[in-house]
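J.: Once you have looked at the hints, place chain B on chain A.
Protein chains in written order, with the working numbering: chain A, 1 to 146; chain B, 1 to 167.
No lab work stands behind these hints, which were simulated from the structure alone.
There's no promise every hint is true.
[Claimed, not checked] Here are some of the chain B residues that sit facing chain A, going by a computed Cβ distance under 8 Å:
| # | residue |
| --- | --- |
| 1 | V7 |
| 2 | S8 |
| 3 | A9 |
| 4 | A17 |
| 5 | L41 |
| 6 | E111 |
| 7 | T118 |
| 8 | L123 |
| 9 | T124 |
| 10 | S138 |
| 11 | A141 |
| 12 | E143 |
| 13 | L146 |
| 14 | R159 |
| 15 | T161 |
| 16 | L166 |
[Said to hold, decoys possible] Derived DEER-like restraints, expressed as beta-carbon distance ranges:
| # | chain 1 | residue 1 | chain 2 | residue 2 | range |
| --- | --- | --- | --- | --- | --- |
| 17 | B | E76 | A | S34 | 25 to 33 Å |
| 18 | A | R126 | B | W23 | 30 to 38 Å |
| 19 | B | A6 | A | I13 | 19 to 27 Å |
| 20 | A | Q33 | B | E76 | 28 to 36 Å |
| 21 | A | P20 | B | A145 | 33 to 41 Å |
| 22 | A | T112 | B | A6 | 47 to 55 Å |
| 23 | A | I13 | B | I163 | 25 to 33 Å |
| 24 | B | I53 | A | A7 | 49 to 57 Å |
[Unchecked claim] A short, non-exhaustive set of chain A residues, derived as facing chain B with CB atoms under 10 Å:
| # | residue |
| --- | --- |
| 25 | V5 |
| 26 | P63 |
| 27 | A113 |
| 28 | E115 |
| 29 | D136 |
Positions of the beta carbon are idealized from the N, C-alpha and C atoms, including for glycine.
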Amino acid sequence: MRIVVLATLSFIIFKWVLIPLRAEGISMEPTYQSGSLHLVNRLAYRYRKPARGDIVGIKLAGPHVLYVKRIIGLPGEHLAIERGQVYVNGAPLSEPYVKNRRDWDVAEVTLTAREYYVIGDNRGMRAADHDFGRVDVSRILGRVIF
Amino acid sequence: MTRRFAVSAAILVVLVAAGVFAWRTRETPNEREIRSRLDALRNEVNTSTKDGIGVALHAAQIGGYFTEDAIVELGEGAAPITGRETIMGMVARLQPRTAAFRMDLDDITMEMTPGATTADVLLTASFARRSISTGEESLDAREYALVMTRTDGTWRIARITAIDTLR
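Excised from the complex, chain B in its bound form:
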């Protein structure tokens, strides 16, 4: 009887814990959509291309993840990058170098504003780079705050602000 009770209690605790975990990690459709957009952006950034048309197409596709008037603030000492066109130009220029690194997005959390047309997103972006000379891989990680807006039914990045974890 005691053993049966212990087994039942343990199973109940596991089920309750699993339920609480599932409830706490549940996502709304908008949140799922934003996460999916960020996953797609990551995949696009990690796609390597070097020929002229490919680079232009690649830059245009990445530009599609940003609003027309998007602003990217990379922190102290760097002027903000303003506008989708500028971002696309930078992506096209950086492409030969981006081919040497891989980007990952971790710890994505988000908060929807009332009306669900804007979302504040917090994430860690990691850039793994492999040295051409030594072959060694190095990892740079930085925290970013994103503002995403829903325009024409699609979530796009309106602002990226780099956060200094260590000051």
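Pulled out of the complex, with its shape left as it was, chain A reads as follows:
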């Protein structure tokens, strides 16, 4: 009986609450190394909105393959990147988690009421090799908590 309850609880928790994931690739280095294991809390944004600095899981066609990115822009904000420095509403954004920067340039974008701007922490790689940009709030699956 205990085994059944435990198995059911585990199934429920790891299917609908905490999604285990393994980081693949270097786009979140040095914060997350390729191959490291993490959990995404699907309930994190049930009672609050995603915040700047949160690391989130972003779903593609479903929850089994996710982008893991950091939120740097919130709905309604103007965001640009000039020579590797991120500007939000014209002011430079402090990003202590970024250890290496290349001279990335992104023309200013204005986020809609449903959009966040997400990016990886590894800015030492070529921008062309790094997936980043605006994402609809419906694609944010939850917050990476571990």
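T.: What follows is chain B alone, placed relative to chain A:
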């Protein structure tokens, strides 16, 4: 009595949950067939071959998963690839490189149109590549929308459109 009731209630909850899960994940025969076709395509893409006849045969087999007038749209900056012949030509040219990667298809969902002759399919395709120099494996994933049609009793891909998750 209380304990027996609790045990019965717990078993009932598990059974109901399992039933709901099974009902929600059930598939029609057409859906099963499409999933099977996509699995077969994935296996075919992941099959490695390098000799001339093998490459041509491999390309022809992959071409068989597409309709004559299939269109592949890979996104901004890339011209659409039109026609099965073109796709087969590209597969043959890419073969030495595709041998270095493995493709997986995840999160496949589909919606059948009335009459069940066309299906809109959404999936994530992952390409794991191993660097020849460092041996490191990297993973690229992208979301794709497929239109599949049933022709001559077989489901084939009529259109592939890459979706930009991050814009």
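J.: Evaluate each hint against the coordinates.
T.: Hint check:
Among the interface hints, the one on V7 (chain B) holds; its C-beta lies about 6 Å from the nearest C-beta in chain A, closer than the 8 Å criterion. Because the smallest distance between the Cβ of S8 (chain B) and any Cβ of chain A comes to about 11 Å, over 8 Å, the interface hint for this residue is violated. At a threshold of 8 Å, the smallest CB-CB gap from A9 (chain B) to chain A is about 11 Å, leaving the interface hint violated. The interface hint given for A17 (chain B) is met, as the beta carbon of that residue sits about 7 Å from the closest beta carbon of chain A, less than 8 Å.
The criterion of a C-beta within 8 Å of any C-beta in chain A is not met by L41 (chain B), whose closest approach is roughly 16 Å, and the hint is violated. Violation of the interface hint for E111 (chain B) is found here, the shortest Cβ-Cβ separation to chain A being roughly 13 Å, above the 8 Å cut-off. Interface restraint check: T118 (chain B) against chain A, minimum CB-CB distance 19 Å, threshold 8 Å, status violated. Of the supplied interface hints, the one on L123 (chain B) holds, with its beta-carbon coming within about 5 Å of a beta-carbon of chain A, less than 8 Å.
Using the Cβ-Cβ criterion of 8 Å, the hint placing T124 (chain B) at the interface with chain A is satisfied: the shortest such distance is roughly 4 Å. Interface restraint check for S138 (chain B): the shortest CB-CB distance to chain A comes to about 6 Å, inside 8 Å, so the restraint holds. A cut of 8 Å between beta carbons decides the hint on A141 (chain B): the least distance to chain A is about 5 Å, and the hint holds. Satisfaction of the interface hint for E143 (chain B) is found here, the shortest Cβ-Cβ separation to chain A being roughly 4 Å, below the 8 Å cut-off.
The criterion of a C-beta within 8 Å of any C-beta in chain A is not met by L146 (chain B), whose closest approach is roughly 10 Å, and the hint is violated. Below 8 Å, beta-carbon pairs count as interface contacts, and R159 (chain B) has none with chain A, the closest being about 16 Å; its hint is therefore violated. Nearest Cβ of chain A to the Cβ of T161 (chain B): about 12 Å, over the 8 Å cut. The hint is violated. For L166 (chain B), the interface hint holds, since its Cβ comes within 8 Å of a Cβ in chain A; the closest pair sits about 4 Å apart.
Under the hint 25 to 33 Å, the C-beta atoms of E76 (chain B) and S34 (chain A), about 28 Å apart, fit the expected range. The beta-carbon spacing between R126 (chain A) and W23 (chain B), approximately 47 Å, falls outside the hinted interval of 30 to 38 Å. For A6 (chain B) and I13 (chain A), the Cβ-Cβ distance of about 21 Å falls inside the hinted range of 19 to 27 Å, so the restraint holds. Checking the proposed 28 to 36 Å range against Q33 (chain A) and E76 (chain B) shows it holds: the Cβ atoms sit about 31 Å from each other.
A hinted range of 33 to 41 Å is violated for the C-beta pair P20 (chain A) and A145 (chain B), which are about 27 Å apart. Between T112 (chain A) and A6 (chain B) the Cβ separation comes to about 50 Å, which falls inside the hinted range of 47 to 55 Å. In this structure, I13 (chain A) and I163 (chain B) meet the distance hint of 25 to 33 Å, their C-beta atoms being roughly 30 Å apart. Taking 49 to 57 Å as the suggested C-beta distance range, the pair I53 (chain B) and A7 (chain A) conforms, at roughly 51 Å.
Because the smallest distance between the Cβ of V5 (chain A) and any Cβ of chain B comes to about 6 Å, under 10 Å, the interface hint for this residue holds. Given hint, P63 (chain A) at the interface with chain B, holds; its Cβ is 7 Å from that chain's nearest Cβ, closer than 10 Å. Taking 10 Å as the C-beta cut-off, the interface hint given for A113 (chain A) is violated, the closest approach to chain B being about 15 Å. A hinted interface residue such as E115 (chain A) counts as satisfied when its beta carbon comes closer than 10 Å to some beta carbon of chain B; here the least separation is about 9 Å, so the hint holds.
With a least beta-carbon distance of about 9 Å to chain B, the hint placing D136 (chain A) at the interface is held under the 10 Å criterion.
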